[in-house]
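A.B. asks: Here's the letter readout for the chains.
2 protein chains.
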Amino acid sequence: MRVDHAGLATEDATTMVEQYTGLFDCSVAHEESFDGMEIAFLDLGNCYFEVIEPREDGAISAYLDRNGPGIHHLAVETDDIEASLETARDLDIDRIDEEPRPGAWGHDVAFLHPGSTGGVLLEFVEH
Amino acid sequence: MRVDHAGLATEDATTMVEQYTGLFDCSVAHEESFDGMEIAFLDLGNCYFEVIEPREDGAISAYLDRNGPGIHHLAVETDDIEASLETARDLDIDRIDEEPRPGAWGHDVAFLHPGSTGGVLLEFVEH
Chain A
1266 MRVDHAGLAT EDATTMVEQY TGLFDCSVAH EESFDGMEIA FLDLGNCYFE
1316 VIEPREDGAI SAYLDRNGPG IHHLAVETDD IEASLETARD LDIDRIDEEP
1366 RPGAWGHDVA FLHPGSTGGV LLEFVEH
Chain H
1266 MRVDHAGLAT EDATTMVEQY TGLFDCSVAH EESFDGMEIA FLDLGNCYFE
1316 VIEPREDGAI SAYLDRNGPG IHHLAVETDD IEASLETARD LDIDRIDEEP
1366 RPGAWGHDVA FLHPGSTGGV LLEFVEH
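These protein sequences, in sequence, are chains A and H.
To convert, count from 1 in the first sequence and add 1265; that's my numbering.
To convert, count from 1 in the second sequence and add 1265; that's my numbering.
These are computed hints drawn from the structure, not numbers from a lab.
Built from N, CA and C at the ideal position, the CB exists for glycine as well.
Only true hints are included.
If you only want the chain H side, here are some residues facing chain A, beta carbon under 7 Å, derived: (1) V1268; (2) L1356; (3) G1384.
Work out the full structure, taking the sequences as your base and the hints as a guide.
C.D. replies: Put into structure tokens, the structure is as follows:
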């Protein structure tokens, strides 16, 4: 296991990317339009900040409406996402995704429910 | 630069540490009582999750009252925290701490104001 990224919800990815690359002297490792969102991964050296701007109604736009911009989730990389979901089940942690699904950057992802992880939206990622 | 940790605010550090160490097959790298908070750093391999439970009124208890438990901040390690604060000044990013101050685990820390970083509470850490 290792931390893959922290997901940051914003209404203005261009401004955030410009500010964060300057602040942390880092570069954009990957950009894509995915599932109604504009996404940029900033390479912080040991993991990424995923800057997410929604372009359509969905989970991120709902989050922004409810909470304003900020830290949306934390993603942990696993080399066996099915086994990680099984561990979550064994610990009685509610799963948003019962099975892995395609996520950004071509990775498989599965989210856990923040209601059973101390208010933290956690994502498993398998590259 | 590299990500040092994600800070998680909770009302029950014991439960969160037990759940997260099981979920991510990770261990507690460091524990301490610091500035009215019980703190545990979970070693995720490439960086840490800092589990923070307030025992006195302060920034974390105020955060919990306002937002409930969840992801409180992201900390980025720098080898020159004064230079990093200068970069923040140059970018017109408001600083909560104009000078480094002692933080948990004996590190120097300085926080930036989330109002000027897209709603994200960012911390610089120098080991």
